[in-house]
Amino acid sequence: MELNTYQKEIFERQRPVIEKFGKRTWGWTIFYLLWIGVGGYALYLQIAKGHKVTGMRDNVVWGLYIANFIFFIGISYAGAVISGILHLLKVEWRKPIIRIAEMITVIATIIGPIFILLCIGRLDRLHHLFLYPRLQSPITWDVLAIGTYFTGSVIFLYLALIKDFAIYRDAKLNIPKWKQKFYKIMAIGYRGTPSQKRHIKISTNLMAIIIIPLAIIVHSVLSWIFGMTLRPGWHSTIFGPYFVLAAIYSGTGVLIIAMWVYRRMYKLNSYLTDKHFIYLGYIMMVLGAGYGYFTFSEYLTDWFASEKWDNEVIEKLFNPAKYGWWFLFANVAGIILPILVVAIPKTRRPNLITLAAFFMVLALWVKRYLIIVPTLESPLLPMQDTRMEYVKYHATWVEWALTLAGVATFFLFFTLMSKFVTIIPISEFGEKEKAMIPAKENEIATA
Amino acid sequence: MKKEEEINDKSRRDFLKTAALATIATTACGSLACSCSPKKAEVAKKVKLLSPDGEIVEIDSAYLNYQEHMAIVSKLEARQGIAGKKFVMVVDLSRCKNARKCVAACQKWHYRPEDKEWLTVKLMKDSEEGAPYWFPKQCFHCDNPPCVKVCPVDATFKRQDGLVLIDNERCIGCKFCMAACPYSTRVFNWEEPDIPIDIKNLQYSPETGIPARVGTVEKCDFCPDRSREGKLPPCVEACPNGVFYFGDENEDTVTNGDETVSFSQLIKDRAAYRFMEELGTKPRVYYLPPKDRQFPVERGYEDLPEKLKDRFKYIMEDKTK
Ligand code: SF4
Ligand code: SF4
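Sequences listed follow chains A and B, in order. Every letter in the first sequence is one number past the one before it in this note's numbering, and letter 146, counting from 1, is 146. Every letter in the second sequence is one number past the one before it in this note's numbering, and letter 174, counting from 1, is 174.
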């Protein structure tokens, strides 16, 4: 494949990353593996001793795991926004970040469902989902929706990768034979002929259109796991759109963070420019406002009407002795902070936007926890139980270890994948993109 | 025609039942012509049995070991339910004094550990000024059961006789049904259940719910295995005050063991209600309001062990203030 000068430059910069597995990478990999190992031990305990080792009990039947599940599926929306929506809108500045976004999507969609598996008491019977499927159960909807979404995301990521694989294949990289072979297979004979180009273009457009409704379906059915029950705080009609919006919102946040990390780590300032942070910041701000609106509307109606059961949950969320501080954090860091940081021109800087995004993502995780646990702690009948662990949920170390192992797996996958493909897509840069990237000199030093 | 079929069906079931019993008896003794001493000194009655090698033999019923918790129907039958029945329960709140005999009987019959109750007695207080009352609560076997709707594998199901049962050999333990049941009815086996080994080895049936299995859900099952034998559920039998009336809505009769009354008359006369009717779950358990109560509510509190007292302290101590 012929590279133009611009593509060459981008490629040369990223070449060492895929050629060598450096010391630092080894260090991180081992670190992640250690965490995953701890999680593996926790999982072993959970399987051997039963779910007793978790903090879940008959009232709070779901805990950290489900929060993590929603969280990871949520951040997987990074790809849906960037590749899907921005692709269709033909937003040019998206090109350097599509790979990161798509990778987040695929990896998070792998890790999310692992967390729901951790919730299941009989993993040995998982095949029952296919042997005796019942279509009216929201869990079946989830299996179908997430399965399709994952497949779609993988195809989408791959479509954008074919051209790059062909570049790696032809670039005479200093890499082992198997890796050469891998590139050759993955490039499926792409030579850049007009017909090949056209096919990829059509498929990508098609996938971009498909991925958006898919993404909406996934988080809607996910929210309906809660919305379909008769529980206070869950049985809400806005849960579908509320969850979808929150998901895109957190996805954008994670994308900003990933961009910042990569820009720093691989000194990609000239490709991941301030403009990217600011534009994504704007998107984050708008989504934050929408998410804030949903939050306000949801809790205002519950609080105002003050039905007995809703009131109980609201009381838990507003009471500083219970979940009050967490609820405050979830709303300040999750709504107000990101909006302000982007809205005020003075703070609209990559580092600050990234910081706000970081807190926002954290706050959204807390929010998921606050959606699940307080409701389950407020059953309609009085608990009248003297076993404290049945009354109040406390996550055990097993659950935390597995949560951290999930995060470590996310990073591990990311690290490994970035050793196979360039984080900045090369083939996407035609001559015409040259203009959109500022020269290195006039860039504000941020890293 | 229908009658005949029913009779045929019944005799076939009876035959299968005794056959199963015999299998147990023979596996225990080694052969059919065993030397077990007759258990009960009843008048000997010959019964036809199926031997382990498939032959039909006649045996003196006195030689049979009666085995409780036998899975006497096939899995399919256990899913369909008892034809023609529509089980219903009426709980008379005016008679309950939290004697907890029902809880004990249920725990014993189902080999439940002490603190994992299928049937619980709550202390309810509907409004701030309202009088507290004891409220026994088991599964309501809802006619529009939210738990059944959400099960992804049909492990929890609704039968034609009204019962909602769980097949713990199919349940994947997703706990969705627990989140969906608005009445906190279901319990989960968070660890390997502690049950006697001979019980553990029994053949499982959704009708008996025995043996319990780790990682699966369970709950009150209205004891259909006992209904098949013409017996009442243990909670109904055990209650000293006749709180529970159990019966068949189709026959329009319910009984608490002492008296048998018309179901429709009872719920009309006593203004029965269903708990949280507004949820639309259509429970099959009716409550008779706690009016003209036979016992003061304290009677169920004073003699409780400390641990149980703790459950209700927040209401009882508040009241005496
Ligand atoms: S009381 Fe709960 S477990 Fe029983 S049938 Fe109704 S919803 Fe299901
Ligand atoms: S826990 Fe078992 S019975 Fe309940 S919904 Fe899941 S599979 Fe069905």
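Heads up, a few of these hints could be off.
[Claimed, not checked] EDC-like, lysine to aspartate or glutamate: derived pairs with alpha carbons at most 20 Å apart:
| hint | chain 1 | residue 1 | chain 2 | residue 2 |
| --- | --- | --- | --- | --- |
| 1 | B | LYS116 | A | GLU377 |
| 2 | B | LYS149 | A | ASP142 |
| 3 | A | LYS392 | B | ASP126 |
| 4 | B | LYS125 | A | GLU389 |
| 5 | A | LYS308 | B | ASP126 |
| 6 | B | LYS97 | A | ASP385 |
| 7 | B | LYS307 | A | GLU389 |
| 8 | A | LYS52 | B | GLU114 |
| 9 | A | LYS52 | B | ASP126 |
| 10 | B | LYS125 | A | ASP142 |
| 11 | B | LYS122 | A | ASP170 |
| 12 | A | LYS49 | B | ASP126 |
| 13 | B | LYS309 | A | ASP385 |
| 14 | B | LYS307 | A | ASP142 |
| 15 | B | LYS116 | A | ASP142 |
Hints were generated in silico from the structure; no laboratory data involved.
Consistency of the hints with the structure:
no.	hint	in the structure
1	B:LYS116 to A:GLU377	18 Å, holds
2	B:LYS149 to A:ASP142	15 Å, holds
3	A:LYS392 to B:ASP126	23 Å, violated
4	B:LYS125 to A:GLU389	24 Å, violated
5	A:LYS308 to B:ASP126	11 Å, holds
6	B:LYS97 to A:ASP385	19 Å, holds
7	B:LYS307 to A:GLU389	15 Å, holds
8	A:LYS52 to B:GLU114	17 Å, holds
9	A:LYS52 to B:ASP126	34 Å, violated
10	B:LYS125 to A:ASP142	40 Å, violated
11	B:LYS122 to A:ASP170	74 Å, violated
12	A:LYS49 to B:ASP126	40 Å, violated
13	B:LYS309 to A:ASP385	10 Å, holds
14	B:LYS307 to A:ASP142	42 Å, violated
15	B:LYS116 to A:ASP142	31 Å, violated
In this structure, the earlier hints numbered 3, 4, 9, 10, 11, 12, 14 and 15 are contradicted, and the remaining ones agree with it.
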